[in-house]
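Listed here are the chains, written in short residue letters.
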Amino acid sequence: MKAYLSRRYLFSASHRLHSEAMSEAENQSTYGKCNNPHGHGHNYIVEVTVSGPVDEKTGMVCNLTDLDGFIEREVLARYGHENLNTIKEFTNEVPTTENLCIQIYEIVQRGFHSAHLERVRLEETMMNSFEYAGKSEALR
Amino acid sequence: MVYLTRKAEFSASHYYHNPAFSPEENRRIFGKCNNPNGHGHNYTLEVTVKGEVDPRSGFVVDLKQLKEVMHREVLDAMDHRFLNKEVPEFTHQVPTTENIAIAIWQRLSTKLDRAKLHRVRVYETSDLFVDFYGEA
Numbered sequence: 001m002k003a004y005l006s007r008r009y010l011f012s013a014s015h016r017l018h019s020e021a022m023s024e025a026e027n028q029s030t031y032g033k034c035n036n037p038h039g040h041g042h043n044y045i046v047e048v049t050v051s052g053p054v055d056e057k058t059g060m061v062c063n064l065t066d067l068d069g070f071i072e073r074e075v076l077a078r079y080g081h082e083n084l085n086t087i088k089e090f091t092n093e094v095p096t097t098e099n100l101c102i103q104i105y106e107i108v109q110r111g112f113h114s115a116h117l118e119r120v121r122l123e124e125t126m127m128n129s130f131e132y133a134g135k136s137e138a139l140r
Numbered sequence: 001m002v003y004l005t006r007k008a009e010f011s012a013s014h015y016y017h018n019p020a021f022s023p024e025e026n027r028r029i030f031g032k033c034n035n036p037n038g039h040g041h042n043y044t045l046e047v048t049v050k051g052e053v054d055p056r057s058g059f060v061v062d063l064k065q066l067k068e069v070m071h072r073e074v075l076d077a078m079d080h081r082f083l084n085k086e087v088p089e090f091t092h093q094v095p096t097t098e099n100i101a102i103a104i105w106q107r108l109s110t111k112l113d114r115a116k117l118h119r120v121r122v123y124e125t126s127d128l129f130v131d132f133y134g135e136a
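So the protein sequences, as listed, match chains X and R. Residue 100 in my numbering sits at position 100 of the first sequence, and the numbers go up by one each step. Residue 19 in my numbering sits at position 19 of the second sequence, and the numbers go up by one each step.
Just so you know, these hints were derived from the structure itself, not from any lab. Just to be clear, a hint being listed does not mean it is correct.
[Stated by the list, open to error] Pairs of lysine-lysine, DSS-like flavour, derived with a Cα cap of 27 Å: (1) K32(R) / K111(R); (2) K50(R) / K57(X); (3) K116(R) / K33(X); (4) K135(X) / K7(R); (5) K57(X) / K64(R); (6) K32(R) / K67(R); (7) K116(R) / K57(X).
[Said to hold, decoys possible] To list a few chain X residues with every Cβ distance to chain R over 10 Å, as calculated: (8) A3; (9) R16; (10) E20; (11) N27; (12) T58; (13) T65; (14) F70.
[Stated by the list, open to error] Cβ pair distances, simulated, as ranges: (15) E56(X) / E52(R): 34 to 40 Å; (16) S19(X) / F21(R): 36 to 42 Å; (17) D62(R) / K33(X): 29 to 35 Å; (18) G32(X) / V2(R): 36 to 42 Å; (19) P37(X) / E24(R): 23 to 29 Å; (20) A77(X) / N35(R): 27 to 33 Å; (21) K33(X) / E24(R): 32 to 38 Å; (22) E52(R) / G32(X): 41 to 47 Å; (23) K33(X) / G58(R): 41 to 47 Å.
This one's a predicted model, so the numbers in the text were calculated from it and none came from an experiment. For glycine and all other residues, C-beta sits at the position ideal for the given N, C-alpha and C.
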């Protein structure tokens, strides 16, 4: 039987929203306070949902320690306590939570094979969150 | 179609162990959860039902009835219990959050009158939850 397992992780990082494709005035009007050149930070919560048949022997979709280990190594160690603008993928891309959500999805999609990745949901604050499910539209 | 979700909480203990595995395998696969004396969680259950809104009552489902069914079928059986020893589903199945969600689905799906069960979500902690939609 197919079940969906979701796990939430916390990391803190700083960023500045600024696009080289825009004038200073445009950046200011588009990003407002988020355009502050010194940057600012968030406590991000990343919620990863994987799915698959529940293994009859273990009762699990996948072993949680595998998922925790992967996210710790590949996501939390990469972005936690960093300035996102200095990370390779954001040197040419604005580190909005939309783009960060897509990047995390791609990392998990590429490297985690113990279960099927359904979606990544990223909370920037308690008041806003973003979800990405790759090419599939159907979010459950 | 309107979706209605009702929450409930229950506290229970469990441990993970499969007699088909060797003691070493059990420890390797299940880690700390393999402690035979058990450990516990405060589970949060979210039951989502779906249906058309009844034009006379304005309800998808009578919430009082849903609450009663959840209490009778799930909470009376699982709240303040040792799942491995006291809940029949888990005498032969590991009481993981996945299997708890499936067991709750099976307990509820035939007991609802008008509305159709859409999703059972079980939070083991605020950072770990499982969804089951009745898929084979």
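T65(X) remote from chain R - nearest C-beta pair above 10 Å: 6 Å, violated
Status of the given 41 to 47 Å range, CB of G32(X) versus CB of E52(R): 43 Å, holds
Distance restraint hint 36 to 42 Å, applied to the beta-carbon atoms of S19(X) and F21(R): At roughly 54 Å between Cβ atoms, F21(R) and S19(X) fall outside 36 to 42 Å, so the hint is violated.
Restraint status (C-alpha distance of K116(R) to K57(X) at most 27 Å): Since the Cα atoms of K116(R) and K57(X) sit roughly 30 Å apart, the hinted pair is violated (cutoff 27 Å).
Hinted pair K135(X) and K7(R), Cα distance within 27 Å: 32 Å, violated
Cβ separation of A77(X) and N35(R), checked against the hinted range 27 to 33 Å: Since A77(X) and N35(R) have Cβ atoms about 29 Å apart, the given range 27 to 33 Å holds.
Distance restraint between K50(R) and K57(X), which requires alpha-carbon spacing of 27 Å or less: 32 Å, violated
Interface-negative label, R16(X) against chain R, beta-carbon threshold 10 Å: With a cut-off of 10 Å, R16(X) remains clear of chain R, as the shortest Cβ separation is near 29 Å.
Pair hint K116(R) and K33(X), alpha-carbon separation not exceeding 27 Å: Violated. K116(R) to K33(X) sits at ~47 Å, over the 27 Å cutoff.
Minimum Cβ-Cβ distance from E20(X) to chain R exceeds 10 Å: E20(X) is indeed farther than 10 Å from all Cβ atoms of chain R, at 37 Å.
K32(R) paired with K111(R) [C-alpha distance capped at 27 Å]: 36 Å, violated
Chain R versus T58(X) - minimum CB to CB distance exceeding 10 Å, so not interface: Since the minimum Cβ distance to chain R is about 6 Å, T58(X) lies within 10 Å and the statement is violated.
Hints 1, 2, 3, 4, 5, 6, 7, 8, 12, 13, 16, 17, 19 and 21 from the list above are not met by this structure, while the remaining hints are.
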